[in-house]
Amino acid sequence: MEKLFNIDLSKISSASSQEALDRKKNLELFLKTGLPNKRDENWKFSDLNFIISKNFKQITNNDDLKFDKKFKLIKEFEHNYIILVNGIIKSFDIKYEEKGKLKVETLKSLENFSKPNNNLYYLNKALSLGGFYLEVQKDYKCKKPIIIYNYFTSNLDNKIINNSNQIKLNENTELTLIEYNIGEKSKFLKNTFETINIGKDSSFKSIILQKSKSSGYFYKNITGSQAYNSSYQNFILSSGLKFNKIEINMDLEKENSNCYILSGLSLGKKEHQEIKTQINHLAPNCKSYQKIKNVLESDSTGVYQGKIFVKDMAQKTDAYQLSKALILDDQAEFNAKPELEIYADDVKCSHGSTSGSIDENAIHYLMTRGIELQEAKKLLINGFISEIFENIPEEKLKVFLEKSIMEQINGI
Amino acid sequence: MKSSELKNQEYKYGFSTDIENFKAPKGLSEKTIEFISEVKKEPKWMLDWRLKAFNRLKVLKEPNWQKPKYPKINYQDLYYYSAPKSMKDKPKSLDEVDPKLIETYNKLGIPLNEQKKLSGVAVDAVFDSVSVATTFKGELDKKGIIFCPISEAIQKHPELVKKYLGSVIPISDHYFATLNSAVFTDGSFVYIPPNTRCPMELSTYFRINASETGQFERTLIIADKGSYVSYLEGCTAPMRDENQLHAANVELVALDDAEIKYSTVQNWYPGDKDGVGGIYNFVTKRGACRGKNSKISWTQVETGSAITWKYPSCILQGDNSVGEFYSIAITNNHQKADTGTKMIHLGKNTKSKIISKGISAGLADNTYRGLVDIGAKAKNSRNYTQCDSLLMGNKCGAHTVPYIKNKNSSSTVEHEATTSKINEDQLFYCNQRGLNQEEAVSLIVNGFCKEVLQQLPMEFAVEAQKLVSISLEGSVG
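Residue numbers (my numbering), protein chains in the order written: chain A, 732 to 1143; chain B, 323 to 799.
Hints are not guaranteed to be accurate.
Chain A stretches covered by chain B per the calculated footprint, using a threshold of three residues with CB under 8 Å from any CB of chain B [what the hints assert, rightly or not]:
(1) 1048–1060
(2) 1063–1072
(3) 1086–1093
(4) 1118–1125
Restraint ranges, calculated between C-beta atoms of paired labels, are given here [to be verified]:
(5) B:675 - A:1079: 22 to 30 Å
(6) A:1077 - B:753: 15 to 23 Å
(7) A:1047 - B:675: 30 to 38 Å
(8) B:425 - A:1047: 34 to 42 Å
(9) A:1079 - B:363: 53 to 61 Å
(10) B:776 - A:1110: 41 to 49 Å
Sample of chain A residues facing chain B (criterion: CB under 7 Å; computed from the structure) [as the list claims (entries may be wrong)]:
(11) 1043
(12) 1082
(13) 1083
Everything labelled a hint here was simulated from the structure, so no lab data went into it. C-beta: ideal position from N, C-alpha, C; glycine also.
The shape of chain A in the complex, shown without the other chains:
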C-alpha cells in the first residue's frame, strides 16, 4: 500500500538542535499509530483515517508561503484585524485599541500546551510552524472586535498545515475575536492546537465563521481554563468545509465562571462536521450552556459529542446541553453522544437531543399563507438556526452574521 504520509522534516527550520530532535521524536510517535480511527471512542463517528485515506495521498508538509491574492476586509463594521496566511501572521492592525494594551505576536514556542489527548497532537508538535499569540493586558476592555482573516496559499493539494495559537486574557478584560476562514479550492489538511486562558472577571467571545465553500479538511483543538467570575462564549458557524472537527476542552477552575458554546451549522454535499466538547466543572457555582443546531442536506454528516463533567466539590453547578438536527435528505446522517459524568449531588444538569425532519404542519401553514415551498423551508431553517445569535449584543455584528448564515441557507 502507498504511504499516506510523506513528511519531510528538513523543510522546517528549527531554532535549535533540541527542537529538531523533538520534532523527529514526535513525528515518530505519530507515525507509529497514524491518524485516529473509529476504534478510538473520541473519533467513533468521524473516522478520520478513513476519510483522509479516501481523499488524500502522499500528504506532505507545506513550505511554500508565496501569496499573491488580494486581501478583502469586511466593511460592514469597524474592527481590528490580524491577517494570517497558512496560519502564520502576515500583517495586523489594531488601530482601534489603546497602545500597549494588546499584544499580538508570532508564536514560535510550542511550550505550555496541555497533555495530548490524541495522536494529532504529536503530528502538530512535529510540524507546527507556530501561529499567533494574543494577550490583553490587565483592566483593558477592547473597544472593537478583532477579526482574524485566515487566508491560504493556492496549490495546497495534498498538503498539511500545522499551527499552534495562544490567547491570554488577563484580569478584568474583554475581547471579541472573530475567526474568519476564507475558502480555498485546493484540497488540504489543517491541524491547529489553541490554548485559551481567561483571567479573573474577564469575558471572551469567540466566533468561528467560514466564508464560501472550501475543500479544506480542518481539525482544531481548543484547550482552555477559566478563572473566577470569567465568561467564555464560543459561536461556531463554520459551515462549508469538507471535514471539520472542533474539539473544545474547557476547565471551569474557579467559582462563578460560565461557559457558552453555541453552534448553528448547515451542511451540504459531502460535508462532515463534528463538534466535540468537554466542559469540566471543577469549582462550585459555575454555569455551562451548550446549544448545537445542525441542518443536514444531501449526504452530509453532523456529529455532536458533548461531555459535562462535574467534580464532587462543584456543587450548585448548572449545566445544560442541547443538540438539535434537521435532517432534510435521506442520505444525511446525524449522530450525537451527549454525555454526563456527575459526582456532586446539588446540581442541575440536563441534556436534550432531537433529530428529525422539518415540521410538515408548519410548512403547510406557511403554504396556505401563499409562501412557496422552497421559501417556506428557508424561512423555517433560518428560524431554526438564527436563535443562536440571540446572545450577541453588538447589533452590526449580529446583522453581519445573520447575513452570512442566510447566504449559506440560500446555497442549499
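Position chain B relative to chain A; hints supplied.
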C-alpha cells in the same frame, strides 16, 4: 411500612442452603464442556455447538470499555456446573425433590407446591445449574404452550431450539455471551403457539447457592404469530465475601403480531457495606422483533449485584414493530451499575421508548449507557428517550452516555436527561406532614420510579416497591 421495620431488612435472602453438591471439575476446558453436555444428556449437535463457541472464545478478549472496573476473573478457578446431588437422577415429581430445596424456595417466598400456588403464576425454579421444578405444566400443555427447562427442550423440542438458539445472540457475539454459549447450564424455554394468549404469568426464579460457582443460565422465549406472553425473572444469592459471576444470555423472538413482556427484579447479593463480596451480573439480553407489528417490552428493577453490566436490547426488524425499555437501577454503598439499552431500528414505522431511572447513594456509581440507531431504511421511525438520575450525597456518581444515530429524514429521535438531588421542598413538605426523613425519601423515590414500577405485573409491583425502599436503607442523613 414503618421505618423501624425498614431498618432490620438488609439483605434478607442472604442465607445459604447446606446441601450436598455434584460439581463439574474446576476450570474451563473442553472437558468441562463435554462433562456438562453429558450430564445434561445432550445430543451431539448441542455439544458441537458448545465447542464451536468455546473455540471462538479462545480468540476473544474480555471487553474493558465499561465504567465499573473489576479485578481480573480467573476463569480456571470456577466451577461451571454445580447441582444438588439429589437432582442427579431427575426426580419425577415434586414429592421426590429434596425437601431442603423445597424449604429453600419456601423461605424465598416461592412456593413450588401448586396447592399453595402464587395466584396465576407458573414458576420454573433454577438452583445453581439445574432446574428444580416447573409448576403448572399440565395447564399450560393444554394450550400447547411449552414452558420447561432449556435442557429438557433440547431433548424434546430440538427443531425449535436448533432454529432459534443463537439466532438473536450469535455464538460469536462478545466475550461473556460466547462464554455462556459454551458452558450454559440451565434456564427456561418458552414457546407460545400461534394466536395464543398465555393465560398466566410465566416466571423463573434463579438462585445461586454453591460457592466458587458461576451461574450461566440461558433463556429462550419464542412468541409465534399473534401470541402474547408475560415473563418474569427474579434472582437472589447467599451473602458471601467472594465475588461470584453470573453471565446469562436471554434471547427473545417475536414473530408477526406477537408481544413479549419481559420483567426482571434483580436482587442478587450486592456485597456488604464495605464493598466486599457480591455478584458480578454480566448479562446479555436481546430481543428480536422479527415479525410485522410485533412488540417486545423490557422492564427491569436492578437493586442487587456488586456490578450490574447489562443492556437489554431490541432489534426492530419487522415493519411497525415496537420496542420498549423501562428501567430502575438503584446503587448503594459500593455497588456499581452500567446499564441501559440498544434500540436498533431496521423496519419501517418502528417505534421505541426508553425510560430509565437511576438512583445513586453511598459510594456507588450508576451509569446509563444506551444506543438508538435508526437505519437508512427505517422510514417514519420514532424514538423517545428519557433518563433521569437522582444523586444522594456527594460521594456517589451518576452518568449518562447515550449514543444517538439517525440516518433518515422521516424519523424523529428525542432524548432528554436530567440529574438532580431530592428536592428539598418536597422533603420539607413530607416532614411537615409527620413523615420522618427516611419515609419521606422512600416516598419521593417511589414517586420518581413510578413510571417504571407501573409497568411491572401486579404481583411484583408491590414487592419491587418495597425493594426500592430497602435498597436505599441507611443512605439518608
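Here is how each hint holds up against the structure:
no.: 1; hint: 1048–1060; verdict: holds (count 4)
no.: 2; hint: 1063–1072; verdict: holds (count 10)
no.: 3; hint: 1086–1093; verdict: holds (count 3)
no.: 4; hint: 1118–1125; verdict: violated (count 0)
no.: 5; hint: B:675 - A:1079: 22 to 30 Å; verdict: holds, 25 Å
no.: 6; hint: A:1077 - B:753: 15 to 23 Å; verdict: holds, 18 Å
no.: 7; hint: A:1047 - B:675: 30 to 38 Å; verdict: holds, 33 Å
no.: 8; hint: B:425 - A:1047: 34 to 42 Å; verdict: violated, 54 Å
no.: 9; hint: A:1079 - B:363: 53 to 61 Å; verdict: holds, 60 Å
no.: 10; hint: B:776 - A:1110: 41 to 49 Å; verdict: holds, 43 Å
no.: 11; hint: 1043; verdict: holds, 5 Å
no.: 12; hint: 1082; verdict: holds, 5 Å
no.: 13; hint: 1083; verdict: holds, 4 Å
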